[in-house]
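Just need the whole structure built from these sequences, with the hints factored in.
Here is how the chains run, residue by residue.
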Amino acid sequence: MNPSPARIAARVLEALRKGERIYTAVVTDSADPGLIGRRWWSSGRRHGGTLGSPSLDAAVAAALPALFPPGESRGALSRDFEYRDGGRAGNARVYIELHGPPARMVIVGAGHIAIPLARLGDMLGLRVEVLDDRPDFAAPERFPEATAVRVIDFRDPFADTPLAPHDHVVLVTRGHSFDYECLVRLLRMARPPHYVGMIGSRRRVRATHEQLLRDGFTTEEMGRVRAPVGLDLGGQTPVEIAVSVAAEIVMFHAGGSGVPLVEKERVVERFFGHRSPGTPSPSTRTTE
Amino acid sequence: MDEKELMARLAALEEPAVLATIVAAKGSTPRKTGARMLVGTGGVIAGTVGGGCGEGEVIEAALELFRGGGPRTVRVDLTDELTSWSPAVCGGIMDVFIERANPDHFGGS
Numbered sequence: 064m065n066p067s068p069a070r071i072a073a074r075v076l077e078a079l080r081k082g083e084r085i086y087t088a089v090v091t092d093s094a095d096p097g098l099i100g101r102r103w104w105s106s107g108r109r110h111g112g113t114l115g116s117p118s119l120d121a122a123v124a125a126a127l128p129a130l131f132p133p134g135e136s137r138g139a140l141s142r143d144f145e146y147r148d149g150g151r152a153g154n155a156r157v158y159i160e161l162h163g164p165p166a167r168m169v170i171v172g173a174g175h176i177a178i179p180l181a182r183l184g185d186m187l188g189l190r191v192e193v194l195d196d197r198p199d200f201a202a203p204e205r206f207p208e209a210t211a212v213r214v215i216d217f218r219d220p221f222a223d224t225p226l227a228p229h230d231h232v233v234l235v236t237r238g239h240s241f242d243y244e245c246l247v248r249l250l251r252m253a254r255p256p257h258y259v260g261m262i263g264s265r266r267r268v269r270a271t272h273e274q275l276l277r278d279g280f281t282t283e284e285m286g287r288v289r290a291p292v293g294l295d296l297g298g299q300t301p302v303e304i305a306v307s308v309a310a311e312i313v314m315f316h317a318g319g320s321g322v323p324l325v326e327k328e329r330v331v332e333r334f335f336g337h338r339s340p341g342t343p344s345p346s347t348r349t350t351e
Numbered sequence: 003m004d005e006k007e008l009m010a011r012l013a014a015l016e017e018p019a020v021l022a023t024i025v026a027a028k029g030s031t032p033r034k035t036g037a038r039m040l041v042g043t044g045g046v047i048a049g050t051v052g053g054g055c056g057e058g059e060v061i062e063a064a065l066e067l068f069r070g071g072g073p074r075t076v077r078v079d080l081t082d083e084l085t086s087w088s089p090a091v092c093g094g095i096m097d098v099f100i101e102r103a104n105p106d107h108f109g110g111s
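Chains as they are written, first to last, in the numbering used here: chain S, 64 to 351; chain U, 3 to 111.
Among these hints, one or two may not hold up.
What follows is a list of derived Cβ distance ranges for each label pair [claimed, not checked]:
1. S:A129 <-> U:E17: 34 to 44 Å
2. U:D4 <-> S:P301: 23 to 33 Å
3. U:E16 <-> S:A125: 35 to 45 Å
4. U:G45 <-> S:S240: 36 to 46 Å
5. S:K327 <-> U:T81: 11 to 21 Å
6. U:G72 <-> S:A125: 23 to 33 Å
7. U:T81 <-> S:T210: 38 to 48 Å
8. U:G29 <-> S:M186: 24 to 34 Å
Since the hints were made in silico from the structure, they are not lab data. Ideal Cβ positions, reconstructed from N, Cα and C, are used throughout, including at glycine.
Right, dumping it as structure tokens:
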């Protein structure tokens, strides 16, 4: 029997509970109406259902690694596939989803910024973990949204926090020497998290990079660190800084430019011949 | 309602429902590929495929599945409404796949 969307949903929830990746596929369009709505799923070595054609199942299974980068834990897309079974052949449009354990936001440093950042990370659908060496700060009651709050030793900060490529690490410790210790560990990982951000002024970030260079890291490795972390919003308070970091993480995934949309689209200027309102950058500001 | 909540709702359905999923989106659509909505005989149960922007059209199409219609893709074109004052001025095209969420609850049809 063709697995129903309700059945598939139960299977996805089960996979996520076990921390497994699962792909689900459904035929959404085909010249053969008998294929439309047929479903197939695959998780680890197990799979079930069918798209109505063995060669179509095989084509979709073979395409999965290229369609969904290993670093991503979520995905949804439609692609056209060909199938050929005996005398039957044709095309089918297949909608495929990937569901995986959510990526994490690991916040190192449980101070002022960590509190709003943990909340925002949770709202973005990330699994939030907070690390600090001070038990008073790394206290679960301070971070109700976090799935884990750990007291760590900065000599080996990620000892109990194995990191995957799709994770995000934000370094906001109370001292730059601690941030530095974490950074060195992260850069030396065989498969480092794809998003590593460190807070700091230009001067302090420069000092960190000078130290990295002295410790033998290449400029290419240094360039992988997002420091200073966040988008340039001009905010100062812990909440404002957390918003700027969260915004950068959204941009990192969604591929935006971080530019205000009013400046990117310039609707009034383009279509009405007048500079649009908003905040002109200093270079384009005109004096009356 | 986040994705996981909607999944849980979908897995636990006890009344017939139609699932609408955005399977492709181009241009400026309010929700992106992967967004879902559950429609019952009385209207939307959970989720959204974009609110004012084309959602009414999807709900209409979904309701047909309670009257015996089969699964199909509905193309919602929001690009031709730019000059109207309707709330659907978004400027994108999306394909929404609609199907019975739990065929075993649909009785004899």
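Hints, verified against the model:
no.	hint	verdict
1	S:A129 <-> U:E17: 34 to 44 Å	holds, 40 Å
2	U:D4 <-> S:P301: 23 to 33 Å	holds, 25 Å
3	U:E16 <-> S:A125: 35 to 45 Å	holds, 38 Å
4	U:G45 <-> S:S240: 36 to 46 Å	violated, 59 Å
5	S:K327 <-> U:T81: 11 to 21 Å	holds, 20 Å
6	U:G72 <-> S:A125: 23 to 33 Å	holds, 29 Å
7	U:T81 <-> S:T210: 38 to 48 Å	holds, 42 Å
8	U:G29 <-> S:M186: 24 to 34 Å	holds, 26 Å
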